[in-house]
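Visitor: These are the residues of each chain, in order.
Number of protein chains: 2
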Amino acid sequence: MTLDTFLTGTRSQLETALANSFTDSGNRQLTEAIHYSLLDGGKRLRPALVRAAGEIAGADVNQWLTPACALEMIHVYSLIHDDLPAMDNDDLRRGKPTSHKKFNEATAILAGDALQAEAFALLANSQDLNDAQARKMIQTLASACGASGMVAGQMIDLQSEDKTLDLTQLANLHSLKTGALIQAALKLGAYGQANADAALIEALDLYGQAIGLAFQITDDILDVTGSTDVLGKPKGSDQAAEKSTYVSLLGLPEAQLKAKQQHQLAIKALQAIDLDESSILWQLADYVIERDH
Amino acid sequence: MTLDTFLTGTRSQLETALANSFTDSGNRQLTEAIHYSLLDGGKRLRPALVRAAGEIAGADVNQWLTPACALEMIHVYSLIHDDLPAMDNDDLRRGKPTSHKKFNEATAILAGDALQAEAFALLANSQDLNDAQARKMIQTLASACGASGMVAGQMIDLQSEDKTLDLTQLANLHSLKTGALIQAALKLGAYGQANADAALIEALDLYGQAIGLAFQITDDILDVTGSTDVLGKPKGSDQAAEKSTYVSLLGLPEAQLKAKQQHQLAIKALQAIDLDESSILWQLADYVIERDH
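Which chain is which? The protein sequence lines are A and B, in order.
Just so we're aligned: 175 in the UniProt record's numbering is position 175 of the first sequence, and the numbers increase by one with no gaps anywhere.
Just so we're aligned: 49 in the UniProt record's numbering is position 49 of the second sequence, and the numbers increase by one with no gaps anywhere.
Mixed in with the good hints there might be a few duds.
Said to hold, decoys possible - Not the full set, but computed from the structure, chain A residues with beta-carbon under 8 Å of chain B:
1. Ala86
2. Phe103
3. Ala132
4. Ile138
5. Ala147
6. Ala171
7. Ser227
8. Val230
Hints in this document: simulated from the structure, not taken from any laboratory.
For each residue, glycine too, the CB sits at the ideal point set by N, CA and C.
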């Protein structure tokens with residue numbers, strides 16, 4: 001299967017499942033705000049990782065689709081909160097007004113809060129997962145997005161404004177802010193198969209670590225080499241915000257080399273479990289460093 | 001056991017468990033902000049409900065203490081977010097600066113976000129709960145605090161400012177905003193015993209519904225009859241904010257009658273499971289309508 005077909009198929013299954021998983025809340029405006037952010041498209045890269053890992057582990061569609069939805073709910077809640085005035089203060093996301101612009105700040109905070117709870121509810125309530133599976137997925141997701149994961153990453157990111165980080169600090173920031181959820185995506189997919197092999201989980205974890213970092217380095221590179229139109233956000237915005245990036249610390253050629261090295265590590269992890277370049281995870285690793293937005 | 005002894009004992013066990021349950025995060029300021037709000041005392045009424053229900057169901061201390069901590073984490077996250085400038089905009093809580101005043105807005109948002117994740121992590125990771133128990137507790141807690149529970153209640157509360165609600169709308173607001181978590185507290189306690197009796201759960205649910213409402217009506221009454229010193233917040237603040245309350249809709253004597261009626265419903269639920277006035281839940285029901293703050 002080509003990556004394009006895979007991504008399109010994942011998006012379509014995911015959008016339907018997300019729309020069904022959350023049909024109503026105790027309040028109309030809250031429902032609208034949740035739908036507005038949850039169903040607005042996006043690359044859906046994390047759900048694709050859940051699916052790809054799930055299929056390799058031998059999970060069927062119901063077993064990867066639920067954790068894919070839960071993980072996307074966490075991702076979307078984090079975007080809503082990151083955009084808030086007290087955080088990154090962004091007015092636009094994917095060309096549309098951010099939640100607090102479209103509704104108001106209180107609604108955006110609450111939509112994010114609700115999405116986090118709904119993510120865990122979805123896993124806990126799924127009839128396609130046995131108790132041990134549901135529990136393991138909740139452990140993995142809660143740990144990835146909690147005080148030692150994604151939230152800590154966002155906190156460090158905010159504290160790092162106008163400061164120069166060293167490479168270790170930058171890697172730590174990204175491994176918490178975006179890496180933790182990417183690694184969780186792969187594990188959640190594999191846990192869709194109740195008896196997933198430990199060596200498989202280990203390889204997926206190494207792969208996740210490598211593409212997470214490759215993804216971030218590529219983001220930093222695109223901020224310099226990309227085009228504003230294709231990126232959907234102003235080129236050079238990292239530089240304007242005086243953020244430490246792999247390009248600002250290493251220069252462009254070294255940053256490109258580092259992205260390729262991470263790509264190689266990802267491929268090595270896949271080879272260890274006998275996946276070749278026709279596999280979706282291999283194609284995803286290529287995509288992560290070759291994309292133009 | 002007297003209620004005082006019970007509450008003091010619960011607080012002491014809870015504070016120790018909370019301090020141990022969350023010792024460190026990926027970031028120092030985040031850890032500080034979480035500890036600041038989580039370990040600042042308070043009545044700890046919800047954990048006491050978890051414990052009382054747990055003891056009646058036959059749960060041992062490890063089985064009620066974990067859900068009590070998880071529930072309190074959710075409660076504390078909701079207080080941090082409710083206090084934010086975009087929400088209720090409160091500078092003080094229990095006589096201390098609120099989280100966004102002590103730290104800053106971004107930190108307060110993130111401390112709340114992290115606490116929500118940690119609550120689910122705590123339940124999922126507990127070695128004292130079997131898979132089915134942990135899952136049932138997570139289902140109950142996520143549903144109580146999600147888009148059809150507590151968060152919807154806060155959304156309705158914000159939308160109701162400067163509006164006059166009718167009694168049905170007011171009851172709906174409170175059953176979502178505070179009732180859902182109180183009912184969850186009782187269920188979580190009972191689930192501490194893996195084989196809790198269905199009739200017991202049913203009785204605790206009715207009891208929770210009744211004391212939740214009695215608690216809120218009493219809050220509204222105290223805003224009129226209480227003293228600013230004892231309340232720890234300005235007397236008359238509901239009136240100043242032109243909020244619909246049981247007193248504004250019914251007048252003081254009718255509101256007091258309604259609180260007593262709810263108290264009677266709570267007692268009836270306890271009698272159905274053969275609890276008498278020496279039981280902690282009975283004493284708690286009395287306390288809810290007799291308290292002065």
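Visitor: For every hint, state whether the structure bears it out.
Guide: Comparing the hints with the structure gives:
{"no.": "1", "hint": "Ala86", "in the structure": "4 Å, holds"}
{"no.": "2", "hint": "Phe103", "in the structure": "10 Å, violated"}
{"no.": "3", "hint": "Ala132", "in the structure": "5 Å, holds"}
{"no.": "4", "hint": "Ile138", "in the structure": "4 Å, holds"}
{"no.": "5", "hint": "Ala147", "in the structure": "4 Å, holds"}
{"no.": "6", "hint": "Ala171", "in the structure": "13 Å, violated"}
{"no.": "7", "hint": "Ser227", "in the structure": "31 Å, violated"}
{"no.": "8", "hint": "Val230", "in the structure": "30 Å, violated"}
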